[in-house]
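Engineer: Sequence:
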Amino acid sequence: MRLWKLLGVAGLAGVAAGSVVLARNERQRRAYTPEDVRVRLHERAAAASAPTPQTPEPVTVPELTAGRTHRLARLLRRG
Numbered sequence: 001m002r003l004w005k006l007l008g009v010a011g012l013a014g015v016a017a018g019s020v021v022l023a024r025n026e027r028q029r030r031a032y033t034p035e036d037v038r039v040r041l042h043e044r045a046a047a048a049s050a051p052t053p054q055t056p057e058p059v060t061v062p063e064l065t066a067g068r069t070h071r072l073a074r075l076l077r078r079g
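So for the sequence shown, the working numbering puts the first residue at 1; every next one is plus one.
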């Protein structure tokens, strides 16, 4: 019976801690002025539309023709 009480108290403490975190985040979110929100959105849009660096082509498994390595290469190509 004591174990269930301990688990119940731990559950209540977890719910209370989660509520505190949510309330704090909501207060921080509401602290922004509309101009602050607009500036942040413009910054994010500029970062998203910026050109991304060129990524190299993925390396392919070379064609192997004999032995265990051939079977391994064939399995890797299927994947």
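Simulated from the structure, these hints should not be mistaken for lab results. Since this is a predicted model, take the numbers as computed values, not measurements. Errors might be hidden in some of the hints.
Derived DEER-like restraints, expressed as beta-carbon distance ranges [claimed, not checked]:
1. 24 with 48: 41 to 49 Å
2. 10 with 43: 36 to 44 Å
3. 33 with 77: 50 to 58 Å
4. 24 with 46: 39 to 47 Å
5. 3 with 49: 53 to 61 Å
6. 23 with 46: 37 to 45 Å
Think of the CB as a built atom: it goes at the ideal place given N, C-alpha and C, for glycine as much as any other residue.
Engineer: Would you say the C-beta atoms of residue 3 and residue 49 sit inside 53 to 61 Å of each other?
Structural biologist: 56 Å Cβ-Cβ, so the 53 to 61 Å window holds.
Engineer: Do the beta carbons of residue 23 and residue 46 sit within 37 to 45 Å of each other?
Structural biologist: Once the Cβ atoms are compared, 32 Å apart, the range 37 to 45 Å for residue 46 and residue 23 is violated.
Engineer: Is the hinted range of 50 to 58 Å satisfied by the C-beta distance from residue 33 to residue 77?
Structural biologist: holds, 56 Å
Engineer: Given a hinted range of 39 to 47 Å, is it respected by the beta-carbon distance of residue 24 and residue 46?
Structural biologist: Violated - the Cβ-Cβ distance for residue 24 and residue 46, about 29 Å, lies outside 39 to 47 Å.
Engineer: Given the hint of 41 to 49 Å, is the C-beta distance from residue 24 to residue 48 inside that range or not?
Structural biologist: violated, 28 Å
Engineer: Holds or violated: 36 to 44 Å for the Cβ distance of residue 10 and residue 43?
Structural biologist: holds, 42 Å
The structure fails to meet hints 1, 4 and 6 from the earlier list, while all remaining hints are met.
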